[in-house]
Amino acid sequence: MVSDTSRLGFYLLLAPILLWLIVLIILPHIGLFIVSISEKIGPREYETGFDNYAAFFTEPLYWRTFARTAIMSILATALTLILGFPIAYYIAKLTRGRTKTTLFLMCMIPFWVSELVRTFGWMILLRETGVISNALQYLGLIDGPVEMLYNDAAIMVGLVYTSILFMVVPLVTTLDSLDDSLIEAGYDLGGTSTSIMREIVIPHAMPGIVSGCIVVFMLSLGNYLTPILLGGKDSLWFTGMIYTQFITRFNWELGSAFGFLLLALSSLVVFAGLKLSRQSLTETMGRT
Amino acid sequence: MSVPHPDLVCSDLTKDFDAFRAVDHVNFEVPQGSFFSILGPSGCGKTTLLRMIAGFQSPTSGDLRIKGKSMIGVPPNKRPVSMVFQHLALFPTMNIGDNVGFGLRQRGFVKSEIKTRVEQVLERVGLPGVSQRRIDQISGGQKQRVAIARCMVLEPDVLLLDEPLGALDLKLREHMKVELKSLQAAFNTTFVYITHDQSEALVMSDNIAVMNNGQFEQIGTPHDVYHAPSTAFVAGFVGDANKIDAKVTAVNGTVLTLAPDSGSEMKIDAPSSGLSVGQRAQVFLRPEAIELARAGDGVNVSGGVVESVLFNGANSSVTIKDQSGNLLKVALPQTGDLAKLRKGDSVFTRWNPKQARCYPMVGT
Numbered sequence: 001m002v003s004d005t006s007r008l009g010f011y012l013l014l015a016p017i018l019l020w021l022i023v024l025i026i027l028p029h030i031g032l033f034i035v036s037i038s039e040k041i042g043p044r045e046y047e048t049g050f051d052n053y054a055a056f057f058t059e060p061l062y063w064r065t066f067a068r069t070a071i072m073s074i075l076a077t078a079l080t081l082i083l084g085f086p087i088a089y090y091i092a093k094l095t096r097g098r099t100k101t102t103l104f105l106m107c108m109i110p111f112w113v114s115e116l117v118r119t120f121g122w123m124i125l126l127r128e129t130g131v132i133s134n135a136l137q138y139l140g141l142i143d144g145p146v147e148m149l150y151n152d153a154a155i156m157v158g159l160v161y162t163s164i165l166f167m168v169v170p171l172v173t174t175l176d177s178l179d180d181s182l183i184e185a186g187y188d189l190g191g192t193s194t195s196i197m198r199e200i201v202i203p204h205a206m207p208g209i210v211s212g213c214i215v216v217f218m219l220s221l222g223n224y225l226t227p228i229l230l231g232g233k234d235s236l237w238f239t240g241m242i243y244t245q246f247i248t249r250f251n252w253e254l255g256s257a258f259g260f261l262l263l264a265l266s267s268l269v270v271f272a273g274l275k276l277s278r279q280s281l282t283e284t285m286g287r288t
Numbered sequence: 289m290s291v292p293h294p295d296l297v298c299s300d301l302t303k304d305f306d307a308f309r310a311v312d313h314v315n316f317e318v319p320q321g322s323f324f325s326i327l328g329p330s331g332c333g334k335t336t337l338l339r340m341i342a343g344f345q346s347p348t349s350g351d352l353r354i355k356g357k358s359m360i361g362v363p364p365n366k367r368p369v370s371m372v373f374q375h376l377a378l379f380p381t382m383n384i385g386d387n388v389g390f391g392l393r394q395r396g397f398v399k400s401e402i403k404t405r406v407e408q409v410l411e412r413v414g415l416p417g418v419s420q421r422r423i424d425q426i427s428g429g430q431k432q433r434v435a436i437a438r439c440m441v442l443e444p445d446v447l448l449l450d451e452p453l454g455a456l457d458l459k460l461r462e463h464m465k466v467e468l469k470s471l472q473a474a475f476n477t478t479f480v481y482i483t484h485d486q487s488e489a490l491v492m493s494d495n496i497a498v499m500n501n502g503q504f505e506q507i508g509t510p511h512d513v514y515h516a517p518s519t520a521f522v523a524g525f526v527g528d529a530n531k532i533d534a535k536v537t538a539v540n541g542t543v544l545t546l547a548p549d550s551g552s553e554m555k556i557d558a559p560s561s562g563l564s565v566g567q568r569a570q571v572f573l574r575p576e577a578i579e580l581a582r583a584g585d586g587v588n589v590s591g592g593v594v595e596s597v598l599f600n601g602a603n604s605s606v607t608i609k610d611q612s613g614n615l616l617k618v619a620l621p622q623t624g625d626l627a628k629l630r631k632g633d634s635v636f637t638r639w640n641p642k643q644a645r646c647y648p649m650v651g652t
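Residue numbers (our numbering), protein chains in the order written: chain A, 1 to 288; chain B, 289 to 652.
Just chain B, same shape as in the assembly (with noise of 0.2 angstroms):
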């Protein structure tokens, strides 16, 4: 017996448009059942990315496989993936039935079949018997849930999803996510969903991949992304963080002595920072790895004044600003009796050397 392929490799993947490369040499692999993110800052190339797997464009370079067959040069409606539109492009001439039942038609099955199929999938997705109702009698979050069952009706071994949820409000969103989530594993079906929206990307995925222009800063679990980022680009652009510059002044095996522009001194635990004496260097600090205390000394401890409380119920922040003018972005638990902080107060921070991130600074 052979080795399962996995459902979707790309291999140098790389897009050019003139003199622009909007996807750089990308290399990724995505095993059957999970559930892939790509994510990203507009503009990165990820919608790229996406439509060239769909088909609607072709790679300059690189090979895309899936099941282990080259899809180079396969067009779009040959291929055995299907994809949820950004705006869903659900069809307003047809009512869901129709919908849903469009590629069946397409690929010649008889009318009792399709019907059945159609309704196993509605039901499948939570709509079952609507199949007779327009596309402007369902709700925002219904819609979402058509424009899937429109593509799993086929079967596909990779469905392509392009930031549907992007359209919806807040809390349908929030809704959509698990939801989302928990159909993907009933379909035990690859998705590969792209977003700038890191909290849709670590909610719901297997596997993230990070995308900065056409390339991919790292690739890995949600849990890995947030607490590891392997570049300074992603720890910026995964999660809150306070990026502080500074300058690298002793190094005591993994433990480096950095002096800010401004401040005082820090001690970080990087173990593989590759940093040496001199070098300029970003640390980047999660709000929540900040500690609040109203009285302190040792290692990582400053003292500051409250500049500003954000409330936002279990996600509040306070603002702190430390002797020499720094803002410092710290999460505040609604539990203690810190709670009660207000502005004016004078207050001290602490962190652990091990939860701070530093990388070389780069184009300096």
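Chain A extracted, bound-state conformation (with noise of 0.2 angstroms):
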């Protein structure tokens, strides 16, 4: 009797959760392969086949931006580690209390903003007109306006600010759990800086590491307003295609073999990721 209630309470506790993955991702997911299999044939005629994965390979253009969408969002990934991890260091391990919060929140602050306000920011900074071209004419150091936006490293910017937070937070959340008498201890016995990082401090902040670059990758990859407006047109990201054939051309079954495409390529970085750092998902997701 007290079990029969308890389970009808794990149930209708359950159902949310359920409902939400079933009807917002599953059955979609499940329409979208359907669409993505079926071959127009001819008005309102269609054959199931494979050929619009097979349009992906033979069409260069299609398979290079997706390999270059991969691989800048990679680089971004790396690039927001290396500037997150001393951040994140320095707010878990060199400030105390007050500062602490307060450095803390001021990384917080810009994501109160949306995404698009904050890119049209950087819009503002790097245009033709904008501050810095303005600002470096003005020292003398340019002779004529300066265009900073549309290409690569504007989007490298773009997204590196856009995703650093999810970088900093399970790394401050990591690093704020490694007691600091392992750090004395490993000075204590004759560590340098370096060797104290690599043998002590990376090892502990590892699943953080993890979640963090999972977190970062699968935002850039995902991405669609910063490489459009930082990128400009030519942005040639893979969301912005998967857009154009859904939107632009109409072509809703290249569109839906596209996204599954995409969604496979983020699954096979990531389990790559975990493999190569050896942590689990699980692990590294119930850490922060």
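Hints listed in this document are in silico derivations from the structure and should not be mistaken for laboratory results. Even glycine gets a Cβ: it sits at the ideal position worked out from N, Cα and C. Among the hints, a few may not be true.
[What the hints assert, rightly or not] Only pairs whose alpha carbons sit at most 27 angstroms apart, straight line, appear in this in silico DSSO-like list of lysine-lysine:
(1) B:Lys535 x B:Lys609
(2) A:Lys93 x B:Lys609
(3) A:Lys93 x B:Lys366
[Said to hold, decoys possible] Some residues of chain B that are not near chain A, with every Cβ distance over 12 angstroms (derived):
(4) Asp306
(5) Gly331
(6) Lys355
(7) Lys399
(8) Ser427
(9) Leu456
(10) Asn501
(11) Val536
(12) Pro548
(13) Glu576
(14) Arg582
(15) Ala602
(16) Ser612
(17) Thr637
(18) Met649
(19) Val650
Dock the two chains into a complex; use the hints.
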């Protein structure tokens, strides 16, 4: 009797998440998959087959954009880690009490503004008539206005800026849990700053590093706004290509196939990352 | 041949934190191969002192020498000292062998050499063949020994221990006291041990320094510190004692007559107390220095009623309330007929005038 009611409670509590998963994730994906394996042979005439996937591999523009997106995202993830780790280490280990809270909050504040507004901020800074260009001219360092938007570096800046918080937060959490006496013990036993970082701090922070990297990589890979606004029309980002297929070309079949390829890519890279760092997904996600 | 230097010498060592003086002109030396304890209540500055020896904090003034070499300005990773941390600070991401081998790797030893040395030191602490295990697979007592092995493998001149027994349960703590002492004898390394637990200090040490408010109150053997405390603080902090406030009424050679604030007159034989007639004094009387009897008269004898019996095996004691309502804690031997003492029984207490300590009252 008691177990019956508690079981009912369990299912009731489970219901929202199950509904969310089934209605909003699983069903649309099944639908998309069905669309992606339909070939249009005439008006309202479809046939099942993998032609859409074949189109991806035969058209160099598609798979090159795909590879470019993957490599740029990995690069953005690495840059975010390199920039985020010292920030997180400083916040977690070298500051105390109020300063720590303030610094942590200062990292968060930019994220209270919408991503669109933040990206426009970068455009104001980087464009030909923008702040940096004008400042450099005023200082006499350059002769004419210089365009810093619409290139890969601008995309990279935008991606790192958008996702750095998602790297800093898990890193601060894991580094916070590192006992200071472990670092002191390292020095006491003759360790140098480099060897302590390599042998004590980084192995301890590994779950945070991996979970931060997974989140940042997925955010970069699936980002649409930043590459389009900062990279311009020719940014060649794979999400942009999916958008074109769905909205401009009205080719839902090819768009769906692209969507599935992107999903496969992100799963593959995350899996490879976990294997390389010898972490398990449950462990990394459980920690943060 | 030159005279060998003591392993550790501190001269006029002082540490200020802003306006607060944590360590105040501390002087001591520790001879090679001895077990030196610094005993004091929490906040007395003993941890600061230890961290200065390890190199994590630099003294405001004074000098610190290890084997004759000044350590001022030498960073912790260049000092010939190792430290066993309060919570041991074993690296959880490494197995036991890598933990113990950490220091050797930093010193650039080759792999095979590290392996043999790690195995040797683990064997010496009684843990052969555990190097592949993870830290969370061994017990608390074994972790202690791994932490000591991790330091001893580097053959330090001085091993510092920061209350490493604090986290253990009572039974294991008693066991580890004996074990630490025998490990120290086996390695013949100088140990500097800080603790607030007087029994740890008394059992293990060759010498104890009792620290209070950043200063050393007394340095001596455990026997001296217990039986001949040089200040009122030491008498009150080390071991149990009944504290009685009194006023000196007569001085006759070395024998003082004191009148407590309430209760009967006391006679104390104190050769160098420096007290004179009319001065206020604090008298310390150990529970085991007081005898119980069914009947009695003579010097320092008073009658009373048993207020409570605290049975604790061999450490049992009774609280006696005298006629004027003062409470006196007395050790209760479990062998005599008085072992059956019950609450409300009338007894007499008696103590030898040589066994009490008295000190001038401070701050009045």
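To see whether the hints hold, each was checked on the structure:
Straight-line distance between C-alpha atoms of B:Lys535 and B:Lys609 comes to about 21 angstroms, which keeps the hinted pair within the 27 angstroms bound. A C-alpha spacing of about 56 angstroms is found between A:Lys93 and B:Lys609, which places the hinted pair above 27 angstroms, so the restraint is violated. The hinted pair formed by A:Lys93 and B:Lys366 meets the criterion: a straight-line CA distance of about 23 angstroms does not exceed 27 angstroms. With a least beta-carbon separation of about 15 angstroms from chain A, B:Asp306 lies farther than 12 angstroms from that chain, consistent with its non-interface assignment.
Listed as a non-interface residue, B:Gly331 keeps its Cβ farther than 12 angstroms from every Cβ of chain A; the least gap is roughly 19 angstroms. No beta-carbon of chain A comes within 12 angstroms of the beta-carbon of B:Lys355; the shortest separation is about 17 angstroms. Look at B:Lys399: its CB is around 15 angstroms from the nearest CB on chain A, clear of 12 angstroms, so calling it non-interface holds up. B:Ser427, annotated as away from the interface, keeps every beta carbon of chain A farther than 12 angstroms; the closest lies near 20 angstroms.
The claim that B:Leu456 lies off the interface holds: its Cβ sits roughly 17 angstroms from the closest Cβ of chain A, which is beyond the 12 angstroms cut-off. Residue-level check passed: B:Asn501 sits 26 angstroms from the nearest beta carbon of chain A, beyond 12 angstroms. Taking the minimum C-beta to C-beta distance to chain A, about 50 angstroms, the non-interface status of B:Val536 holds against the 12 angstroms cut. Here B:Pro548 stays apart from chain A, with its beta-carbon at least about 48 angstroms from theirs, past the 12 angstroms limit.
Every CB of chain A lies more than 12 angstroms from the CB of B:Glu576, the least distance being 39 angstroms, so the non-interface label holds. Non-interface status of B:Arg582 relative to chain A is upheld: no Cβ of that chain comes within 12 angstroms, the nearest being about 57 angstroms off. Interface exclusion of B:Ala602 from chain A stands, the closest Cβ pair being 37 angstroms apart, more than 12 angstroms. A cut-off of 12 angstroms between C-beta atoms confirms that B:Ser612 is not in contact with chain A; the least separation is 52 angstroms.
In this structure B:Thr637 is separated from chain A by more than 12 angstroms, as the shortest Cβ-Cβ distance comes to about 49 angstroms. The beta carbon of B:Met649 sits about 41 angstroms from the closest Cβ of chain A, which is more than 12 angstroms, so the claim that it is off the interface holds. With a closest Cβ-Cβ approach of about 37 angstroms to chain A, B:Val650 is found to remain outside the 12 angstroms limit, as its non-interface label requires.
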